[in-house]
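Start from chain V and add chains B and W according to the hints.
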Amino acid sequence: MKMKLLPALVLIGLVLAWELLVRAAGIPAYTLPAPSLVLATLIANFGSLAGSWWFTLKITFGALALACAGGVLIASVFALSPTLERALLPVAVVLQVTPIVAVAPLILIYVQSTTAALLLCAWIVAFFPILSNTVVGLRTADANLRDLFRLYRATPWQRLALLRMPSALPYFLAGLKISGGLALIGAVTAEMVAGAAGRETGLASRILEASFRTETPKMFAALALLVLTGVLIFTLFNALSRAVLGPWHASESSRTD
Amino acid sequence: MSEASSPLISLHQVHKRFGGSLEALRGVSFDVRAGEFVALLGPSGCGKSTVLRLVAGLEAASAGRVSAPALDDGGGATAFVFQEPTLMPWASVFDNVWLPLRLAQRSRAACAPLVRQVLATVGLADFERAYPAQLSGGMKMRASIARALVTQPRVLLMDEPFAALDDITRQKLNGDLLRWWAEQRLAALFVTHSVAEAVFLSQRVLVMSVRPGRIVAEVAIDEPYPRTAAFRSHPAFVDACRRLGEALEHAAA
Amino acid sequence: MANRIALAATLALAAVAVQAQDKVTFATNWKAQAAHGGFYQAVADGTYRKFGLDVTIQQGGPQVNNRPLLPAGRIDFLMTGNLLHSFDNVKNKVPTVVVAAIFQKDPQALMAHPGQGYEKFEALKNAPLALVAKDGQFSWWQWLKVAHGFNDEALKPYNYNLGPFLANPKAIQQGYSVAEPIYVENQGHFKPVVHLLADHGFSTYSTVIEARTDTVKNKPDLVQRFVDASIIGWVNYLYGNRKTASALMIKDNPEMTEAEMEASVALMKSQGIVDSGEAASNGIGAMNAERIKDFYDQMVKAGLYKAGEVDLAQVATLQFVNKKAGQDIKAKLGGK
Numbered sequence: 005m006k007m008k009l010l011p012a013l014v015l016i017g018l019v020l021a022w023e024l025l026v027r028a029a030g031i032p033a034y035t036l037p038a039p040s041l042v043l044a045t046l047i048a049n050f051g052s053l054a055g056s057w058w059f060t061l062k063i064t065f066g067a068l069a070l071a072c073a074g075g076v077l078i079a080s081v082f083a084l085s086p087t088l089e090r091a092l093l094p095v096a097v098v099l100q101v102t103p104i105v106a107v108a109p110l111i112l113i114y115v116q117s118t119t120a121a122l123l124l125c126a127w128i129v130a131f132f133p134i135l136s137n138t139v140v141g142l143r144t145a146d147a148n149l150r151d152l153f154r155l156y157r158a159t160p161w162q163r164l165a166l167l168r169m170p171s172a173l174p175y176f177l178a179g180l181k182i183s184g185g186l187a188l189i190g191a192v193t194a195e196m197v198a199g200a201a202g203r204e205t206g207l208a209s210r211i212l213e214a215s216f217r218t219e220t221p222k223m224f225a226a227l228a229l230l231v232l233t234g235v236l237i238f239t240l241f242n243a244l245s246r247a248v249l250g251p252w253h254a255s256e257s258s259r260t261d
Numbered sequence: 002m003s004e005a006s007s008p009l010i011s012l013h014q015v016h017k018r019f020g021g022s023l024e025a026l027r028g029v030s031f032d033v034r035a036g037e038f039v040a041l042l043g044p045s046g047c048g049k050s051t052v053l054r055l056v057a058g059l060e061a062a063s064a065g066r067v068s069a070p071a072l073d074d075g076g077g078a079t080a081f082v083f084q085e086p087t088l089m090p091w092a093s094v095f096d097n098v099w100l101p102l103r104l105a106q107r108s109r110a111a112c113a114p115l116v117r118q119v120l121a122t123v124g125l126a127d128f129e130r131a132y133p134a135q136l137s138g139g140m141k142m143r144a145s146i147a148r149a150l151v152t153q154p155r156v157l158l159m160d161e162p163f164a165a166l167d168d169i170t171r172q173k174l175n176g177d178l179l180r181w182w183a184e185q186r187l188a189a190l191f192v193t194h195s196v197a198e199a200v201f202l203s204q205r206v207l208v209m210s211v212r213p214g215r216i217v218a219e220v221a222i223d224e225p226y227p228r229t230a231a232f233r234s235h236p237a238f239v240d241a242c243r244r245l246g247e248a249l250e251h252a253a254a
Numbered sequence: 020m021a022n023r024i025a026l027a028a029t030l031a032l033a034a035v036a037v038q039a040q041d042k043v044t045f046a047t048n049w050k051a052q053a054a055h056g057g058f059y060q061a062v063a064d065g066t067y068r069k070f071g072l073d074v075t076i077q078q079g080g081p082q083v084n085n086r087p088l089l090p091a092g093r094i095d096f097l098m099t100g101n102l103l104h105s106f107d108n109v110k111n112k113v114p115t116v117v118v119a120a121i122f123q124k125d126p127q128a129l130m131a132h133p134g135q136g137y138e139k140f141e142a143l144k145n146a147p148l149a150l151v152a153k154d155g156q157f158s159w160w161q162w163l164k165v166a167h168g169f170n171d172e173a174l175k176p177y178n179y180n181l182g183p184f185l186a187n188p189k190a191i192q193q194g195y196s197v198a199e200p201i202y203v204e205n206q207g208h209f210k211p212v213v214h215l216l217a218d219h220g221f222s223t224y225s226t227v228i229e230a231r232t233d234t235v236k237n238k239p240d241l242v243q244r245f246v247d248a249s250i251i252g253w254v255n256y257l258y259g260n261r262k263t264a265s266a267l268m269i270k271d272n273p274e275m276t277e278a279e280m281e282a283s284v285a286l287m288k289s290q291g292i293v294d295s296g297e298a299a300s301n302g303i304g305a306m307n308a309e310r311i312k313d314f315y316d317q318m319v320k321a322g323l324y325k326a327g328e329v330d331l332a333q334v335a336t337l338q339f340v341n342k343k344a345g346q347d348i349k350a351k352l353g354g355k
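Residue numbers (the working numbering), protein chains in the order written: chain V, 5 to 261; chain B, 2 to 254; chain W, 20 to 355.
Heads up, a few of these hints could be off.
[What the hints assert, rightly or not] Examples of chain W residues lying across from chain V (beta carbon under 7 Å, computed):
| no. | residue |
| --- | --- |
| 1 | Asn84 |
| 2 | Asn85 |
| 3 | Arg86 |
| 4 | Ala91 |
| 5 | Asp107 |
| 6 | Asn111 |
| 7 | Phe157 |
| 8 | Pro183 |
In case anyone wonders, no lab produced these hints; they're calculated from the structure. Glycine residues also receive a C-beta, built at the ideal position from the N, C-alpha and C atoms.
Next up, chain V with everything else stripped away, as it sits in the complex:
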């Protein structure tokens, strides 16, 4: 019980220290607002911030879903055709290493719909960890199991679906945990560059807007929602991983023999 509380206590402590610092040093709200002010601002503006939060969530999870689909699909193709893998993996690597901050303005010029452009930017950063982890995972099927499948004359499709994909599952989930956070970063970065356009705007645009209008407490309020989103994503995928892998994989099992 104590161990579980520890991180929460540390966080609360930090927030309290922040509040005390601002009050003691008399730091003005437009430089560093106190947590109490940020909370008040958040509550006061929750109506409009909630709409932006929802938009950011849609982009993040939309991109993540597409990254899963794309990553798993392409990894499966690679697993079935080593030639294709050798040919196309460099392309995926190039996508991975290109900084999204540099590419986002170009994408926003070429893609008509801003929402599609944001999804694309978030997808680019989120897709590679899923792809590379799943590719590795699909290769790690136990050698004896592979022999067993050969013995019983399994078709390549059966091998993929019944042996390689389940073997890849822990790796895929590890990639998913990483990509969850990255999808959020991609969505936020793209929106920062886009500077908001269209009817719906996300939290990043609200942060920009507040920054330009020197409404610093509102900046922090929107930022707090972003941080909360990141934490939620992390917690969600941790729980998912535990639920799926718990009964059988070493990474999530608590057995110590």
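For chains B and W alone, kept in the frame of chain V given last:
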């Protein structure tokens, strides 16, 4: 005694070379008839696992002739039990045992009675929904054997399946194995480096030499089945162990 | 004897003056262009130095937001494009104040391709693509939305690259009436349609100088010197020899050319951006409270603020301007 019929498994002057330079087997020849229990005994690295893999069709001989059911028809007639239980960790015991039938396109519902029957045979009837991570080493091996038996194979190949288990479990499983083998009337080829195990289980023990492997001795164990634990103290058992021990020393020379 | 004393005194004063240069950072709101000319002039020809100021100009840019630097104390003076920013600051209790208004007219404009139906201002709001940089997006664009029916659907970021505007005949783009149209003619080889926001109700002062209120309270002499030197810089830039100022601006912004800047200066004069109206009589930088109130009322009417939400007395201080600074120099230079 088994009937006079053509052997189910036959190796004739089989040579196996790996990577052009590693000569694993040199001129291995032996037969196994339907319903026979034969043990392959030898020191580590003598190639006995390679022989098993040749019979299973997982390797091809570099020279010589291998004839076995696995090399003819589409799977199912030959079952293989590895040294590790080799269960799919993400699947329940039931689904693990179902696998060979599933790969033959048979539905879960249709296979359920057969799976349950074979689980009952190995004593895991209450564990069909358990995951491998929840089973002990001995139970996992039983599940592995259940999977091997579910296709009602004619040939059962076993590669030191009990080597990783403790003595008590091992001896118990030895006794159980003989019961299951007798029920199914399989031809069994059992690889081991335990003399006692070879003598207890089989009718014939083939002794292999160090690499490059070849059969250097054959000892018949005439004790009738069913064999009980008492057999282990029998003079014939002790004598067979002594003879095999000597043969092994020669083989290692 | 008196001569020697005078000489010694002068030398001493000069030495003190050289040693006592106040270090000042002035941040602009765009990349260096003719619309910043007066400030660069005052650096280039030593006017700031003469007033005991060692001024560093920190240029802004289309994606840069340097506004928080002023209240944070990282810069001393800030160039702002319109009074909306100042209204926001006062509303949010950010302690800054406007000390001078260099532009009497805001040159903020929207450009369009000719012959595409944008000859009338009302047509602009239906453009499928409006290229606006961040600073504008969060100030005058908001006014365009509520006062003239523009909407966010069309908005895409303007990154100081004319490409998207030139490539799309139906696009409109922000610009300074004295700057972007010149670049469009050079790069796109056509004269764009230009709609000045000031002609449609956006009556704000522009290129105002903002300072922290505590600077104004504790170092009014410094502020006065900076304002006066800047005003003189503008006089020299508009009517005198601009060559060194131009060179300095090109160093900061290599994409700028001298020809473009000269054309820009001509437009600034012909459109009466800097030295017109009040400034002609009271000196460049002139401001009056009525005009600030009038602009605020317009913005309230447009729905951007509520009546009484902003204490207008805190928006600007008139103590540093309206003193006919630089008029003598202008007369000497011929004032044209």
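Task: Hint check: 7 Å Cβ-Cβ cutoff, Pro183 (chain W) to chain V - done: Nearest chain V Cβ about 6 Å off; hint holds.
Open item on the list: Can you verify the interface hint for Asp107 (chain W): is its Cβ closer than 7 Å to any Cβ in chain V?
Closed with: With a closest approach of 5 Å, the Asp107 (chain W) hint holds.
Open item on the list: Hint Arg86 (chain W) vs chain V: min CB-CB distance below 7 Å?
Closed with: Hint holds; Arg86 (chain W) Cβ to chain V Cβ min 6 Å, cut 7 Å.
Open item on the list: Tell me if the interface restraint on Ala91 (chain W) is satisfied: Cβ within less than 7 Å of some Cβ in chain V.
Closed with: Constraint on Ala91 (chain W) satisfied, holds at 6 Å.
Open item on the list: Hint Asn84 (chain W) vs chain V: min CB-CB distance below 7 Å?
Closed with: holds, 6 Å
Task: Restraint outcome when Asn85 (chain W) is required to lie within 7 Å of chain V by C-beta distance - done: violated, 10 Å
Open item on the list: Given a cut of 7 Å on the nearest C-beta pair, is the interface hint for Asn111 (chain W) held or broken against chain V?
Closed with: holds, 6 Å
Task: Interface hint compliance - Phe157 (chain W) to chain V, C-beta minimum distance less than 7 Å - done: holds, 4 Å
Violated hints amount to a single one, hint 2; each of the other numbered hints is respected by the structure.
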